[in-house]
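Protein chains: 2
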Amino acid sequence: MATKTRAPKPETPPALRSTSQIPLRSGKPWQTDADTRTGRIPMALPHPTAPDASFRPSAFSGEAVPFGVTAFREGHDIIGVHVRLTSPSGAESLHRLSPLGDGFDRWRTLIAPLEEGVWQFRFEAFADEFLTWEHAADLKIAAGVDAPLMREMGARLFERAASEKGRGAADVRALTVAAAALRDETQTDESALIVVRDPSLAALFRDRPLQSLLTVGETRELLVERERAGVGAWYEFFPRSEGAKRLKDGTIKSGTFRTATKRLPAVAAMGFDVLYLPPIHPIGEVNRKGPNNTLTAGPGDPGSPWAIGSSAGGHDAVHPDLGTLADFRAFVRAARAEGLEVALDLALQAAPDHPWVSAHPEWFTTLPDGSIAYAENPPKKYQDIYPINFDNDPAGIRAEVLRIVRHWIAQGVKIFRVDNPHTKPLQFWEWLIGTVKDEHPDVVFLAEAFTRPAPLLGLAQAGFQQSYSYFTWRNTKAELEEFLTWISGDTADIMRPNLFVNTPDILTEYLQYGGRPAYKIRAALAATGGASYGVYAGYELYENVARPGSEENIDNEKYEYKLRDWAAADAADATLAPYLTRLNEIRRAHPALRQLRGLSLHWSDDDAILVYSKHLDGALTETGQSDTILVVANVDPHSTRQTMIHLDSTVWGIPRGADYVVEDLITGAEWTWNQDAFVRLDAFHEPVHILHVKESR
Amino acid sequence: MATKTRAPKPETPPALRSTSQIPLRSGKPWQTDADTRTGRIPMALPHPTAPDASFRPSAFSGEAVPFGVTAFREGHDIIGVHVRLTSPSGAESLHRLSPLGDGFDRWRTLIAPLEEGVWQFRFEAFADEFLTWEHAADLKIAAGVDAPLMREMGARLFERAASEKGRGAADVRALTVAAAALRDETQTDESALIVVRDPSLAALFRDRPLQSLLTVGETRELLVERERAGVGAWYEFFPRSEGAKRLKDGTIKSGTFRTATKRLPAVAAMGFDVLYLPPIHPIGEVNRKGPNNTLTAGPGDPGSPWAIGSSAGGHDAVHPDLGTLADFRAFVRAARAEGLEVALDLALQAAPDHPWVSAHPEWFTTLPDGSIAYAENPPKKYQDIYPINFDNDPAGIRAEVLRIVRHWIAQGVKIFRVDNPHTKPLQFWEWLIGTVKDEHPDVVFLAEAFTRPAPLLGLAQAGFQQSYSYFTWRNTKAELEEFLTWISGDTADIMRPNLFVNTPDILTEYLQYGGRPAYKIRAALAATGGASYGVYAGYELYENVARPGSEENIDNEKYEYKLRDWAAADAADATLAPYLTRLNEIRRAHPALRQLRGLSLHWSDDDAILVYSKHLDGALTETGQSDTILVVANVDPHSTRQTMIHLDSTVWGIPRGADYVVEDLITGAEWTWNQDAFVRLDAFHEPVHILHVKESR
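Taken in sequence, the protein lines are chains A and B. Under this note's numbering, the first residue of the first sequence is numbered 41, with each subsequent residue one higher. Under this note's numbering, the first residue of the second sequence is numbered 41, with each subsequent residue one higher.
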């Protein structure tokens, strides 16, 4: 007879990491919970949650998500709270929440889901009979009140626990011995108190509490997406500029996907994860803009890539100057080989000569005079662009945009940076992103939503995985403290900000007038303050001259080719590239920096020294090692600041008053610090400490 | 042939008052709204709302309730937002919301529902075509851009408006003339601009906007209860003390309902609305407490009324010393004749000799030694009280408590002050209050919930109309500012606090050590800071001696009879009664003080001078007159304070910089004030200005 050999079970990757996982158990909900909205043990304000609970909150794989709920019961008895998770593939797990102890009856635990997809979770609250008894027995036996009664009640509790299914033999023995000791009348109350206070017995109830009045909350959902939905270092360049050449006649020959490919190793060497390209489509010739946004383009002016469409094609075409669709695919492959993922722009608007205009005039607004309405912000007009009117033929427009997105997905693109999404109907995005994600769950959309908080959060809630943020306009310590609190707080249940330091549209006064220190400061804050950040090419060359009266670069790359001499800048050491490279190295080495949450502000006595830390518990990291980064930044780019700072090390698990070592990951310097430390930060030398916090040796 | 005479239609009382009611219209929702959770015009965060949206928010009849929603659309076009209300009797009305203009896309209006019952409301957002055109036409015609086009678009808009159903003839004429003027090529663009900016034309669109993309939000509910659910001045006395007499042998003869009836005119004369009686039931004899909470009662000691039940009966009985059930009914009638509503205590616990204990031992907790568990807060025990165990026989306990509540309703009681509701299951209260209100919608429950915010708000959300509040422990200016903001803000959608200044359980340090000024200050703040407040008898006599180490009066009335010589105090002018009387007069004369909301904090330069105002728009008052009260309080009872205060009169509808007159309703003094005013408040004279703000003559 042949022996059957079983194939070894394939290793299932863990579905999650948790600070508080306990053995699974089932439980019968309490009987009176059926006829009231209130459960036997009331629970309220569960999170993660979207502001509108009919939407799903979201997270990225590996994100340490706080699961929390407000729970309390009448009177003095002690309760416990668990959260039960079901992974997308159906694996169930149970986790213990801890009370925050802030008087608001809030309970919380940190769990990092790894498996992508829709998770289910529900909170379960219960009367914790052991803890209730322990608390009363401790006080009453010590006070000489009801000692025999408390001892008998304890003995019964221990016996019940010993008889529960799933207890190990050693535990059963310990519980039985304890029950006997409490009942043993020859033993004094003092020795009974030792049993009451025995931490090893308490530990037996920590993971397997004696539950009663079990109350089960509503099942809710959390969408977990791939890590890049929340984490990444982005770099933006115009492929037409990379490899563009000035010809002898003074005109410039456009770069192509092939020439731009040569720049990929340098971008990858800086450690970026995503390469974002402005629109790569044919550019309109009608009303094309000239340099510096002038109304008349010369013959050699390439026009704005956002004025999409010409006789050469529309949103599904590649600009002939850049090459062919095959060239684009080759570029995407080359980028991938360098570890770079390509993100494309999705700008839903048309140049007047876009093929849509003649084929589908109903997708635009026709005015009483028969003309098509330009984009405008009255009285300003943008004559190179027709905005889409989404209300004339919603179904037709939906189908066409979906076709285009599918087309680029077929070319290997999985990330879209969406231009001005807040000028299109929010319900359109909910539909588009939902539909695309049903087919391709790994597609990521970044919203260029430089708008008010309500539409910004609305876009995030409707499905955008990432949002540009207000970061560029948050420059003072007070502004940054508020901003960092906002992005790492409640909004993190739906919104993952991408902290771009600059864009072709944004060169802030801080950068215009802050000199090279400003560039360093902003890069360091962006790379460590959120989980995603971005840099638009030229930042590393400190390009800081604005068009007069505007917040944009002069000779803006939107309207012309930009010939940058990377090699000369490297040779002259006139580049921030090494600093950016180091920032990205630090991000890769430190999982705490690949988290949006886990951020704590600390105090400094100087109004320009900003101090914050990011911490990730070892239970939530791949290595099992806790990770703590402390950032101390002089946000004044014009001076040296020195001050005392005051640190709450307890948020890193280091007891108040204990020494610890901090290593400056930029300079390599090390110091031993405690609650209070002195710092001196010279904006012209190193304006920012990025410190790795290590336990004292 | 007989002539039929029609009876005159009975006057229907108005269902509501509104700052923004407009003509009713129907509207067809926009077509794409069916397949996304996001509407064509996104709306979020509607209110009023309970924290848990599965519960109903609530209000009281006449309360000026802010109805609001966050609404925005893509791009620059202007939107409008309405709220559609349906009264309990089915009357529909439409109201225009105004943008708050704070950058958060919030819209709001104030509506005071009058009709009691469950109201429905939903928000409707739409593209406002007139305002969008007006904004663009104004800018563009003035800038010489697209003037003919803007004029033609305006003409078409006016024609569409003129053709709408329901427009009056004069309006149609004005719109037609305007359309012609815009189209008239002999007229200059300057004169066209006059049409664009014509306020009378704009007014025609204010109440009847040209709507498109109409988006209809979810229908939600608001429970409106009788005014006394939110508004009232309460007085508490122990009937056994009123008319109690010391006999020649030194013992005291209990007061009765008959003797207590004699005190009613004085309570009514002070202007109180509700008279609350501690439990009136038989008091347990087993383990009865003696004076000052001692464990042994003497033969003449009456015991705590909260230790309910003896051989004389339980929760449905009247203490024999007080009289009969008929005497109680007569007392309730006598109170009603004086304008006082009687509130009874509902304390769900039992003395050891309560009839429940023998009839239903399963309603209590039996310990392993066979005894019944006393109430306790380990290691403290309360041997005169058995707490109910609600989990052994939930159905039996529910039925019995419902029987008792119905019994007292049958005796004429419509208000219950519930003792320690946070020590009973919250779901029990949701069930009890819901069941009672289904039968008797005018019954009001006040929660004695001196507990943490989560259970406090949970009780309010579950149905309690009123809650004792943290007021007694909020004494500094900073504490009071936070407290007043909290009670008049978001929590007002579910919670109506009752600002008791003292109770038999609470004599705060502020009162113990603040002397007579403290009593005046706290009464003035309580009477004006919320909408309901309360006073426990003896406050007006400045009873301020505490039992050492406790926050209660010495010789607490809970455990003994209290013989107060009201007449002597009046004669000696050693009473706060005239001040309380004046406070209640002011409350009756000023509808702004019968509102929980409409409160604004103002600035003072002194850290003990608290400044707040309450304002009610004339559209929301019975008389049609706006009402504004400004309170300036020195909360330091030990000194005279003088300072500048800084007032934002715009919240009262008085332009910044305008003069206005304030009349001190306590002293009669009048001043003309502006943004900044000087105040001097002598704690020993009049520590609080209660000012009626009047337009300058």
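These are computed hints drawn from the structure, not numbers from a lab. Treat each hint with caution, since some may be false.
A pair holds if it fits inside one copy or across any two, identical chains being indistinguishable in the list.
[Claimed, not checked] When the alpha-carbon atoms are kept at most 20 angstroms apart in a straight line, the in silico EDC-like pairs for lysine to aspartate or glutamate are as follows:
hint, residue 1, residue 2
1, LYS517, ASP722
2, LYS420, ASP716
3, LYS420, ASP229
4, LYS420, ASP178
5, LYS421, ASP117
6, LYS288, ASP224
7, LYS421, GLU192
8, LYS68, ASP433
9, LYS285, GLU225
10, LYS477, ASP238
11, LYS477, GLU155
12, LYS734, ASP704
13, LYS420, ASP117
14, LYS421, ASP178
15, LYS734, GLU267
16, LYS68, GLU258
17, LYS68, ASP431
18, LYS477, GLU258
19, LYS477, ASP75
For each hint, the structure was consulted:
Taking CA atoms no more than 20 angstroms apart as the test, LYS517 paired with ASP722 passes inside one copy only; the shortest distance there is 16 angstroms, against 43 angstroms between copies. Proximity of LYS420 to ASP716 under the C-alpha cut-off of 20 angstroms is found in neither arrangement, the shortest distances being 54 angstroms within a copy and 43 angstroms between copies. Proximity of LYS420 to ASP229 under the C-alpha cut-off of 20 angstroms is restricted to the inter-copy arrangement: shortest distance 19 angstroms between copies versus 86 angstroms within a copy. For the homomeric pair LYS420 and ASP178, the shortest alpha-carbon distance between copies (13 angstroms) is at most 20 angstroms, but the shortest distance inside one copy (76 angstroms) is not.
When the C-alpha separation of LYS421 and ASP117 is checked against a cutoff of 20 angstroms, the pair qualifies only between copies, where the shortest distance is 15 angstroms, while the shortest distance within a copy is 68 angstroms. For a Cα distance limit of 20 angstroms, the shortest separation of LYS288 from ASP224 qualifies neither inside one copy, at 104 angstroms, nor across copies, at 58 angstroms. In the homo-oligomer, the alpha carbons of LYS421 and GLU192 lie at most 20 angstroms apart only across protomers (19 angstroms), although the nearest pairing inside one protomer, at 84 angstroms, exceeds that limit. With identical chains, the CA atoms of LYS68 and ASP433 are at most 20 angstroms apart between copies only, with a shortest distance of 18 angstroms across copies and 53 angstroms within one.
Taking the closest pair of Cα atoms, LYS285 and GLU225 never come within 20 angstroms of each other, the shortest separation being 97 angstroms inside a single copy and 54 angstroms across copies. With identical chains, the CA atoms of LYS477 and ASP238 are never at most 20 angstroms apart, being 53 angstroms at best within one copy and 50 angstroms at best between copies. In this assembly of identical chains, LYS477 and GLU155 lie within 20 angstroms of each other by CA distance solely inside one copy; the values are 16 angstroms within and 49 angstroms between copies. In this assembly of identical chains, the alpha carbons of LYS734 and ASP704 lie at most 20 angstroms apart only when taken from the same copy (11 angstroms versus 64 angstroms across copies).
Taking identical chains as interchangeable, the C-alpha atoms of LYS420 and ASP117 lie at most 20 angstroms apart only when they sit on different chains, with a minimum of 14 angstroms there against 67 angstroms within one chain. In this assembly of identical chains, LYS421 and ASP178 lie within 20 angstroms of each other by CA distance solely across copies; the values are 15 angstroms between and 77 angstroms within a copy. In this homomeric assembly, LYS734 and GLU267 never come within 20 angstroms of each other (Cα to Cα): the closest approach is 26 angstroms inside a single copy and 62 angstroms across copies. For a Cα distance limit of 20 angstroms, the shortest separation of LYS68 from GLU258 inside one copy, 15 angstroms, qualifies, whereas the shortest one across copies, 35 angstroms, does not.
Taking identical chains as interchangeable, the C-alpha atoms of LYS68 and ASP431 lie at most 20 angstroms apart only when they sit on different chains, with a minimum of 15 angstroms there against 51 angstroms within one chain. In this homomeric assembly, LYS477 and GLU258 never come within 20 angstroms of each other (Cα to Cα): the closest approach is 26 angstroms inside a single copy and 27 angstroms across copies. Within a single copy, LYS477 and ASP75 get their C-alpha atoms only as close as 39 angstroms, which misses the 20 angstroms cut-off; across copies the closest is 16 angstroms, which meets it.
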